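K.L.:
These are the residues of each chain, in order.
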Amino acid sequence: MTLKDMKPGQKAKVLKINHGGNLSRRLFQIGLIPGAELTVISQHPFKGPVVFELGNATFALGQGVAGAVEVYTNENK
Amino acid sequence: MAVVMIGNPNVGKSAVLSRLTDRPLLVSNYSGTSVEIIATQLKSAGKTIDIYDTPGIYSIKSASAEQQVISELIYSQKIDLILNIVDAVNLERNLVLTYELMELGIPMILVINQIDRARQMGIEINCQLLSQIIKSEVVCFSANTGEGLMELISLIEMKGNKEGKDKGAGQPVTIIKTKFDGNSCNGNCAGCSRSFLEIGAEDLKRAEKAADTARMVTRQTGSQSKKWMNKAQQIIDKPYLGTIILLLVAYLAFLVLMKFIELSEGPISDLLAPVNAVIEKVILTYLPDSIFTTILAKAVPEGLIVPFTIIMPAMLMVSIIMSLIEDTGLLPRYSVVLERVGSLFGLSGQAVIPLSLGFGCRTPAVMATRILPNQQQRFIAIVLLSVVIPCAATLGILASVITTFQASLPVIIVTMTVTLILIGYVLSHIMPAEEVFIYELPPLRIPLWSNLWTKLKMRFSGFFTEVLPLLLVMSIAVRALIESGLLNHLHSIENITKALFGIPAEAFVAVLLTIFQRYLAPLILLNLDLTAREATIAISMIALSLPCLPVMVMTVREIGFKGLFKVLAIGMSTSILVGIILNLILP
Ligand SMILES: Nc1nc2c(ncn2[C@@H]2O[C@H](COP(=O)(O)OP(=O)(O)O)[C@@H](O)[C@H]2O)c(=O)[nH]1
Ligand SMILES: [Mg+2]
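Top to bottom, those sequences are chains A and B.
When the letters of the first sequence are read in order and numbered with the working numbering, they come out as residues 818 to 894.
When the letters of the second sequence are read in order and numbered with the working numbering, they come out as residues 12 to 598.
Excised from the complex, chain A in its bound form (with noise of 0.2 Å):
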C-alpha cells in the first residue's frame, strides 16, 4: 500500500521510498523516511494531492510522489 491509497484520518508508518535519487532525498529532507509515522488529512480529487501529517508539520505531495511512498498501516497487520 502507497500512500496515494490511504483514506483521510487513517495513520501509518513509512516502509520505504521506491524511487532513488534526488526524490527519495527531498522526501528524505521532509522527514518522510522509513519509520516516519504519518496521518493522511485529506485525499484532493481528480488524482489531486494528498496532504498529511508528518511530526507537527503538515505537507502535500502529488500523485506521483505519493504513489512512491510505501507504508504500512496496523489495521492490514
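Careful, some of the hints might be misleading.
Claimed, not checked - Dumping the calculated EDC-like pairs for lysine to aspartate or glutamate here, alpha-carbon to alpha-carbon at most 20 Å:
hint	chain 1	residue 1	chain 2	residue 2
1	A	Lys833	A	Glu854
2	A	Lys830	B	Glu291
3	B	Lys216	B	Glu114
4	A	Lys830	B	Glu219
5	B	Lys89	B	Asp61
6	A	Lys833	B	Glu276
7	B	Lys216	A	Glu854
8	A	Lys824	A	Glu870
9	B	Lys146	B	Asp127
10	A	Lys830	B	Glu103
11	B	Lys249	A	Asp822
12	B	Lys249	A	Glu870
13	B	Lys242	A	Glu870
14	A	Lys828	A	Glu887
15	A	Lys833	B	Glu219
Just so you know, the hints here were simulated from the structure itself, not pulled from any lab data.
All values derive from a computational prediction rather than experimental measurement.
Here the structure of chain A is known, so what remains is to put chain B with the ligands in place on it, guided by the hints.
P.N.:
This is chain B with the ligands only, laid out in the frame that chain A set:
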C-alpha cells in the same frame, strides 16, 4: 564580522533578522519568501556585523538553486558565524540540517525560534540540555515576542570579539571548500554526484541523531491552546470545502480591490485637480517659452492623474491583500487545491504563488519563480507572467480604457484566458518536465499587524521610488510623441494595420509602446477616437504582449538574455496573432 542565517524554509529567519536589526524585511508565512540572499548590517558595540539572510534549505547537500546560492556565499565570503534558525515546533526535522552545518566547522549559534508557538501547542523545549548535547550555543527565541533577543545579541557580540583575537591564527573556513566543491571531484564525477543525491548511511545517522536529540529535549505538556485555529485549518484542508472557501476568498479579494479603486478615484481626483493646476502654472511661468514647455505643462499634470488616481490605490490594496493571504498561510493552500488545474499549464500548483503575486506586481513575481522545482517551469511561469498576466496597474488602466470605449470585456477576458491556456499547454509540451509536487503547508496564523505594516510600507514605497518617476517620464515621452505630430505620418501604414488587425495605425503604435511600459500604452488609446471593436482588439493586443521594462530587467537577472529574447519573441508573436485572429472572428 560576517554572519549568515541558515535554516529550513519558513522557520522565521527573516523575522529573526528583523528583530535583530530592527529593520523590516519581507516575512511571509510560506516557504520561499526570501529567494535571494539579503545582506544587512547590524551595528553593535561599535562594530559592524554583516548579516546575510538566506533562502530556506532543508540540507546543504541538495542540488537546489537555493542551496547553490548559499554554498557560494559560504565559500566566497569569509563567514565567521552561522546562525542556524530552527523551528521549535519541528525540531526533529530541523536538527538534521543543524548536524550537517556542524560538520562545516564554522562557529554556530542555534536559534530555537517560534518558542511562543511551541508553548501554545504544549511543546516545551529544554534549550540548556540541547546546548549540552550539540556542544554549541543555543538560544530559545521568539521573533514575535522578542524573547531571547538580548541573549542572542550578546552571544553574537561575544563571538565577534573572539574572532577579533583569533585573527591571523588561521583560516578555518576555506578548509571545507574542497569537501563540498563539486569541481574537486576528479575522474569519477558520475559516481560522485550520484552519491551526493543518494541517501547514504551518514544521512541516516544524522537523521537518527536529530530524532534522538529532539526526543531528549522536548516534552509534550498536552495543553493545546488556540484550538479554533486548528479547527479552521482542518476545514481549509478539506478538499471540496477548502477549495470553495479559497476561491471565494480570492474572489472577495478581487471585489475589494475593485471597490477600493472605484471609491478612492473620485476623492483623489478632486484633491489632485488644484495641485495639477498649480503645477501647470508654475511650469508655464518659470520655464522659457518653447514647445518643450508646452509639452511639459500638459504632460506632467496628465502624467500624475493615472498613477495617483488608479495605480496608487491599486498597489496599496494589492499589497494589503497579498500580505494578508501570505501571512495567514492561505497562499500555499491555493497551490494544493489548484494542483490539477496547474498541471494543464505545465505548471505545478506552486506556480500559483508567483503567478498570483504577478497580479500585484510582476517584477517581484519573476523573482519568486525561483520557488519552482526546475528551469522549465520557471521559464513557463516567466512567459505567462510577462505575456499574459496583467498586474494591478495594467488592470486598472485597461479597465479605464475599456469603459471609455465600451470595449467588450467578455471578449478580452476570453481572449486572455484562451491565450493563457494555449501558451501554457504549448510550452509544457515543448519541454515536458518531471512532475514533482512536494509542498509544506504552513500553519494558519493570525497575521501580525506590525508585520503587515512593514510589508505594506516595503511593497508600497516602490510606487514613489519606481512606478511614479517612470510613469511620469514615460507620459512626457508619450505626450511629446503626440504633440510632435509624428503620429499623423503613420497613416501610411494604416492600410497594413487595418487589414491585419482592424485597428488604426495610432492604436498599433500604442501596442508597440508596451515595450516601454505596458500600462502607459493605453494612455495613447485614450487620446484616440476608437470604435468599440477597434478598442477591443487593441486592448487585447496590449494586454497580451511584452513585459514592461522592470520585468525585463528582472528576467535577464533570472534566466539571462537568451531567456529574455525568447520571452520577447513569444510576447510579440502572441500579440500579433491575437490581433489577426480577433480581426478575423469579431463581427
Ligand atoms: N508565532 C511565531 N511566528 C513566527 C516567529 N517567527 C516567525 N514567525 C512566522 O513564521 C512565518 C515565517 O517567517 P519568515 O521570517 O518569513 O521565515 P523564513 O522563510 O525563514 O525567512 C511568518 O508567518 C512569521 O510571522 C515566532 O517567533 N513566533
Ligand atoms: Mg525569509
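K.L.:
Work down the list of hints and note, for each, if the structure agrees.
P.N.:
Evaluation of the provided hints:
Of the supplied pair hints, the one linking Lys833(A) and Glu854(A) holds, its CA atoms being roughly 12 Å apart against a limit of 20 Å. A C-alpha spacing of about 74 Å is found between Lys830(A) and Glu291(B), which places the hinted pair above 20 Å, so the restraint is violated. For the hint linking Lys216(B) to Glu114(B), the alpha-carbon distance of about 13 Å falls within 20 Å, and the restraint holds. Distance restraint check for Lys830(A) and Glu219(B): the Cα-Cα separation of roughly 16 Å lies within the 20 Å cut-off, and the hinted pair is therefore satisfied.
Note on Lys89(B) and Asp61(B): the hinted pairing holds, with a Cα-Cα distance of about 11 Å set against a maximum of 20 Å. Of the supplied pair hints, the one linking Lys833(A) and Glu276(B) is violated, its CA atoms being roughly 60 Å apart against a limit of 20 Å. Distance hint between Lys216(B) and Glu854(A) is fulfilled; the C-alpha atoms sit about 18 Å from each other, no more than 20 Å. Pair hint Lys824(A) plus Glu870(A) holds up; C-alpha atoms about 13 Å apart against a cutoff of 20 Å.
Straight-line distance between C-alpha atoms of Lys146(B) and Asp127(B) comes to about 24 Å, which puts the hinted pair past the 20 Å bound. Proximity of Lys830(A) to Glu103(B) is assessed by CA-CA distance (about 17 Å); at most 20 Å being required, the pair is judged to hold. Pair hint Lys249(B) plus Asp822(A) holds up; C-alpha atoms about 17 Å apart against a cutoff of 20 Å. Taking the CA atoms of Lys249(B) and Glu870(A), the gap is about 13 Å. The hint holds against a cut of 20 Å.
With a CA separation close to 15 Å, the supplied pair Lys242(B) and Glu870(A) stays within the 20 Å bound. The straight-line distance between the Cα atoms of Lys828(A) and Glu887(A) is roughly 13 Å, inside the 20 Å bound, and the hint therefore holds. Between Lys833(A) and Glu219(B) the CA atoms are separated by roughly 16 Å; this keeps the pair inside 20 Å, and the hint holds.
The earlier numbered hints that this structure contradicts are 2, 6, 9.
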